[in-house]
Amino acid sequence: MKRRRFAEVNFYTTDWPIDTDQDMSDGFYFAKDNWDDYGFKTTYQVVACFEGEKNDLGNINITVYPYSSSDVISFDKIKKNLHSQNIISLGNLEYYRFLNNIFDEKDRIEYLKILGDLAFDDEKLEELYNNPNFQTIFSWAHKKDVIRDSFFRNNNYNEVIDQFHRVTLGGSYQDKYEVNLINLNEEEIFKFNVDPNSKIPTSMYSIIGNNGSGKTNFLKQIISFYHYQKNGSLLDDAEEKLYSDRSNLNQFNSLVCFSYSPFDSGFKKEDSDIYKFIGINFSNTEDLSEIIAKDIHKLFTEVGKRYRTKLGNIIKKFSFDPWFLQIEHAIDMENFSLEDVKKLSSGQKIILLNLLNLIIYVSEKTFVIIDEPELFLHPPLLKAYIRAIDEIISDANGVCLLAPHSAIVLQELAHINIRKIVRNFDNNQNRIESISIKTFGESISYINNAIFGTDLRNTGFYKFIVDLIKEDKTELDKIDFIFGSEALLVKKFEEVSDEEN
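Numbering of the sequence shown is given in UniProt numbering, commencing with residue 1 and proceeding in unit increments.
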């Protein structure tokens, strides 16, 4: 169904129940039900008809506020903004999802404002709910409030203020669900346990491991097995199935894979209705910076039309960067030229490219895989980027699996959501382990030592200090004025070890 402009959509007032067998012009039809909530009659049936397709959107609550039984709502007048009284309404999930499908953001907001939608205007909802206007509808009955006793007779306040509000902004209704990846030995490899009510972030996960441990192959195996569970066949006919059919990756509606490695990682690049690959073609003879800039400008135009508010809120996470402040202003002005894009650094371009693709392609229960998310990014941008990914993924009730080499990324994730690949080079086999150290908010140096310790101590300043102690530790004392705190600690530790030996 094509999207409509609000100005082109008609509102009709009709009799209840709406007869969908009759011929109907395009538009929204509202019919007042005689259902009585302690004297309040606020229930309306809504049917949307477009291109001959009729959608019964169920019952919603609409009334003039304050409530009066003598008030009559004329919906064509509401549409023309001619209704002089204060209209408020509250819909249902199917109704809000339909509005997201039929309208772009700007038109959807106009529709919701015209009808005084309380799920959308959460500040007004809180004000009305917390300051009830009790009325005596029947002389023999207790005083009742139209919001609490009619609008919320069959609605849950927390669900409306959290879930319905998110949907009115173009997001998804967040369900609690669990997806398991189980190997052929019936051992659980990963459990993606999504719980929107949990205070622990449940949308972000990570697979880590030293170079050569097989992280990229693990991601490719997951992508292939996902296709198997959705379509019944692996990506490569010669490939062996490595996971149990008790796994349930097919709970995810789609999979989006990001990889910006200049080396061919072997990820499937052909898109389908359930799969999208996003990367950079480094073999292209054209100027890569020019190609990326054009892609960003094209995506920005598309996102700006449909998700301007969402993009603006995400960009605010990068407000410490002057260029992103300019991007935020450009979103407000709906003007971000190709020349503006070209002025961005490579890291800024990669972040913007990823965020735009995430906003466009991540929908309800999308599984996102990002290989090496830290590529091209310096630490402040990287931390804000991870938080932005989390917000986009959570908003879509999805899951993201990261494969980083950076302790900065792990510092933003809960250790219970991290698995480590350990490779046995003697038999060329991998095993996947949980990690015990608490990574969330932990110091970067501690994460590096605890997780990447052996590799780190064989490289960089670690190895430099160890080698110099073995050669001539008096030379080390002459240059320790350039050492930072961690280098001094390593020096002291290695000197004590050397003396003991």
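Fair warning: there could be bad hints in the mix.
Unchecked claim - If you anchor each label on the Cβ, the simulated ranges turn out as follows:
#1 Tyr-361 x Gly-266: 18 to 26 Å
#2 Gly-232 x Val-422: 26 to 34 Å
#3 Ser-233 x Asp-467: 20 to 28 Å
#4 Pro-196 x Arg-246: 32 to 40 Å
Said to hold, decoys possible - Pairs of lysine to aspartate or glutamate, DMTMM-like flavour, derived with a Cα cap of 25 Å:
#5 Lys-268 x Asp-245
#6 Lys-491 x Asp-477
#7 Lys-199 x Asp-162
#8 Lys-113 x Glu-94
#9 Lys-276 x Glu-372
#10 Lys-54 x Asp-71
#11 Lys-54 x Asp-33
#12 Lys-79 x Asp-26
#13 Lys-420 x Asp-467
#14 Lys-106 x Glu-286
#15 Lys-106 x Glu-51
#16 Lys-54 x Asp-15
#17 Lys-342 x Glu-372
#18 Lys-241 x Asp-426
#19 Lys-54 x Glu-126
#20 Lys-199 x Glu-186
#21 Lys-317 x Asp-477
#22 Lys-143 x Asp-162
#23 Lys-383 x Glu-372
#24 Lys-276 x Asp-295
Since the hints were made in silico from the structure, they are not lab data.
A virtual CB, placed ideally from N, CA and C, is assigned to each residue, including glycine.
List, from low to high, the hint numbers that the structure doesn't satisfy.
3, 4, 10, 13, 14, 19, 20, 21, 22
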